[in-house]
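Protein chains: 2
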Amino acid sequence: MSKGLLIVVSAPSGCGKGTVLAEVLKRDNFYYSVSATTRPPRPEDVDGVTYHFLTREKFEELIASGGVLEYAEYCGNYYGTPKKAVEDKLSEGKDVILEIEVQGAMKIKELCPEAVFIFILPPSLETLRERLEKRGTETAEVINKRVAEAKGEIEKSYNYDYVIVNDDLSEAVSDFIKAVDAEKLTAKRNISLIDSILGK
Amino acid sequence: MSKGLLIVVSAPSGCGKGTVLAEVLKRDNFYYSVSATTRPPRPEDVDGVTYHFLTREKFEELIASGGVLEYAEYCGNYYGTPKKAVEDKLSEGKDVILEIEVQGAMKIKELCPEAVFIFILPPSLETLRERLEKRGTETAEVINKRVAEAKGEIEKSYNYDYVIVNDDLSEAVSDFIKAVDAEKLTAKRNISLIDSILGK
Numbered sequence: 000m001s002k003g004l005l006i007v008v009s010a011p012s013g014c015g016k017g018t019v020l021a022e023v024l025k026r027d028n029f030y031y032s033v034s035a036t037t038r039p040p041r042p043e044d045v046d047g048v049t050y051h052f053l054t055r056e057k058f059e060e061l062i063a064s065g066g067v068l069e070y071a072e073y074c075g076n077y078y079g080t081p082k083k084a085v086e087d088k089l090s091e092g093k094d095v096i097l098e099i100e101v102q103g104a105m106k107i108k109e110l111c112p113e114a115v116f117i118f119i120l121p122p123s124l125e126t127l128r129e130r131l132e133k134r135g136t137e138t139a140e141v142i143n144k145r146v147a148e149a150k151g152e153i154e155k156s157y158n159y160d161y162v163i164v165n166d167d168l169s170e171a172v173s174d175f176i177k178a179v180d181a182e183k184l185t186a187k188r189n190i191s192l193i194d195s196i197l198g199k
Numbered sequence: 000m001s002k003g004l005l006i007v008v009s010a011p012s013g014c015g016k017g018t019v020l021a022e023v024l025k026r027d028n029f030y031y032s033v034s035a036t037t038r039p040p041r042p043e044d045v046d047g048v049t050y051h052f053l054t055r056e057k058f059e060e061l062i063a064s065g066g067v068l069e070y071a072e073y074c075g076n077y078y079g080t081p082k083k084a085v086e087d088k089l090s091e092g093k094d095v096i097l098e099i100e101v102q103g104a105m106k107i108k109e110l111c112p113e114a115v116f117i118f119i120l121p122p123s124l125e126t127l128r129e130r131l132e133k134r135g136t137e138t139a140e141v142i143n144k145r146v147a148e149a150k151g152e153i154e155k156s157y158n159y160d161y162v163i164v165n166d167d168l169s170e171a172v173s174d175f176i177k178a179v180d181a182e183k184l185t186a187k188r189n190i191s192l193i194d195s196i197l198g199k
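From first to last, the protein sequence lines are chains B and V. Going by numbering that gives the first Met the number 0, the residue at position 17 of the first sequence is 16; the numbering climbs one at a time, nothing skipped. Going by numbering that gives the first Met the number 0, the residue at position 192 of the second sequence is 191; the numbering climbs one at a time, nothing skipped.
With the rest of the complex left out, here is chain B (with noise of 0.2 Å):
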């Protein structure tokens, strides 16, 4: 059986990049990985299916030994994606998605070349901005530095493997699904089926 591809999504908030993987996930051969993290759960959260809670120790023991693919701090918490699920998944022939924030993303391209790396961009930053202030929970500034900050993320989506817009939901997922398709269809991914063909 072959090995799974391992796809890292990206998006800045506001972007649908959850609603389209809830779509995409839906395909049998997909395996959503689940971050770690040691922020405090949340009323609303699941161990395991929204991250998985850990202690500041035994986070650290994770990094100590080499269990996660990356990690980072933000506001003196630890987000990170541990790695054996994520291994055991591909060697299955599963198509694993991290969702991952832009720095993280880029420090898997340099671990795992051989990821593919997918973007999600809005239609337009005054879109993206329409619909955070329809959520209607965040003030103006919060908003205001919403959108700064996808400008920065959009700007990193140029060294990204495919961008995808989403505007229309079903035309979204199809691209995603389209991407991961042909993404097996590449030589460079089919070089022991060509040896196999050449009898090598």
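Be careful, since some hints might not be right.
Stated by the list, open to error - Below are the SDA-like pairs computed for lysine to any residue, each with C-alpha atoms no more than 25 Å apart in a straight line:
1) B:187 / V:199
2) B:183 / V:111
3) B:187 / B:169
4) V:108 / B:188
5) B:183 / V:133
6) V:16 / V:51
7) B:93 / V:180
8) B:187 / V:146
9) B:187 / V:147
10) V:187 / B:148
11) B:108 / V:16
12) V:155 / B:112
13) V:199 / B:27
14) V:183 / B:21
15) V:133 / B:193
16) B:16 / V:51
17) V:183 / B:98
18) B:183 / B:27
19) B:150 / V:197
20) B:144 / B:105
21) V:187 / B:198
22) V:199 / B:148
23) B:16 / V:180
24) V:150 / V:188
25) B:150 / V:184
26) B:155 / V:194
To be verified - Not close to chain V: a few residues of chain B, all C-beta gaps over 10 Å, as computed:
27) 3
28) 16
29) 27
30) 55
31) 59
32) 60
33) 63
34) 76
35) 111
36) 129
37) 138
38) 145
39) 160
40) 167
Source of the hints: derived by calculation from the structure; they are not laboratory data. In this text, all values refer to a predicted model and were calculated from it rather than measured experimentally. Don't be surprised by glycine CBs; every beta carbon is placed ideally from N, CA and C.
Model the placement of chain V on the given structure of chain B, informed by the hints.
Using the frame of chain B, we list chain V on its own:
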């Protein structure tokens, strides 16, 4: 309107490339580039459909004026890709398919690095041999020669962007279209889209 994609397709004889392309071309956005040649037309040939039939003089004029994208001489006859139709159709936003053998394809790769290269593979060399034998039109000696040639051509498939196995026709057609569609989602082909979102 964005420019179309230049798609270079190669396959050894007996891989069903013609059948795959005939299906692919049923989709709207493709344009099949008809090659020019100086070989005399055969009864089944239609000028402008199977080839553009040119005199040696006309072909050499075309070469001299830079009117061919690439050309080669086989058995004393010129074969080449007229440049103007390709460029016109690309400007119209059409995806232009060049059906071309491996040497010609590699020349195009130097000239047009932005083209996408698709190689159609047989499921195995044995299947290829069987398909050639079933045609019943060639001697065992010719078939051996064709299989040996195919092997040499498949050796070049490592340098293509995508490899598509033509085992099941409808799957091969769908893979071809997925590769083309996904190629249009790559970040490197969407620089101006990202620029426009960023207001550059």
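Hint-by-hint comparison with the structure:
{"no.": "1", "hint": "B:187 / V:199", "in the structure": "violated, 34 Å"}
{"no.": "2", "hint": "B:183 / V:111", "in the structure": "holds, 24 Å"}
{"no.": "3", "hint": "B:187 / B:169", "in the structure": "violated, 29 Å"}
{"no.": "4", "hint": "V:108 / B:188", "in the structure": "holds, 20 Å"}
{"no.": "5", "hint": "B:183 / V:133", "in the structure": "violated, 31 Å"}
{"no.": "6", "hint": "V:16 / V:51", "in the structure": "holds, 20 Å"}
{"no.": "7", "hint": "B:93 / V:180", "in the structure": "holds, 23 Å"}
{"no.": "8", "hint": "B:187 / V:146", "in the structure": "holds, 24 Å"}
{"no.": "9", "hint": "B:187 / V:147", "in the structure": "holds, 24 Å"}
{"no.": "10", "hint": "V:187 / B:148", "in the structure": "holds, 22 Å"}
{"no.": "11", "hint": "B:108 / V:16", "in the structure": "violated, 36 Å"}
{"no.": "12", "hint": "V:155 / B:112", "in the structure": "holds, 24 Å"}
{"no.": "13", "hint": "V:199 / B:27", "in the structure": "violated, 40 Å"}
{"no.": "14", "hint": "V:183 / B:21", "in the structure": "holds, 24 Å"}
{"no.": "15", "hint": "V:133 / B:193", "in the structure": "holds, 24 Å"}
{"no.": "16", "hint": "B:16 / V:51", "in the structure": "violated, 50 Å"}
{"no.": "17", "hint": "V:183 / B:98", "in the structure": "holds, 23 Å"}
{"no.": "18", "hint": "B:183 / B:27", "in the structure": "holds, 16 Å"}
{"no.": "19", "hint": "B:150 / V:197", "in the structure": "holds, 7 Å"}
{"no.": "20", "hint": "B:144 / B:105", "in the structure": "holds, 23 Å"}
{"no.": "21", "hint": "V:187 / B:198", "in the structure": "violated, 35 Å"}
{"no.": "22", "hint": "V:199 / B:148", "in the structure": "holds, 16 Å"}
{"no.": "23", "hint": "B:16 / V:180", "in the structure": "holds, 21 Å"}
{"no.": "24", "hint": "V:150 / V:188", "in the structure": "violated, 33 Å"}
{"no.": "25", "hint": "B:150 / V:184", "in the structure": "holds, 20 Å"}
{"no.": "26", "hint": "B:155 / V:194", "in the structure": "holds, 11 Å"}
{"no.": "27", "hint": "3", "in the structure": "holds, 17 Å"}
{"no.": "28", "hint": "16", "in the structure": "holds, 15 Å"}
{"no.": "29", "hint": "27", "in the structure": "holds, 17 Å"}
{"no.": "30", "hint": "55", "in the structure": "holds, 37 Å"}
{"no.": "31", "hint": "59", "in the structure": "holds, 36 Å"}
{"no.": "32", "hint": "60", "in the structure": "holds, 37 Å"}
{"no.": "33", "hint": "63", "in the structure": "holds, 35 Å"}
{"no.": "34", "hint": "76", "in the structure": "holds, 30 Å"}
{"no.": "35", "hint": "111", "in the structure": "holds, 18 Å"}
{"no.": "36", "hint": "129", "in the structure": "holds, 14 Å"}
{"no.": "37", "hint": "138", "in the structure": "holds, 24 Å"}
{"no.": "38", "hint": "145", "in the structure": "holds, 15 Å"}
{"no.": "39", "hint": "160", "in the structure": "violated, 6 Å"}
{"no.": "40", "hint": "167", "in the structure": "holds, 14 Å"}
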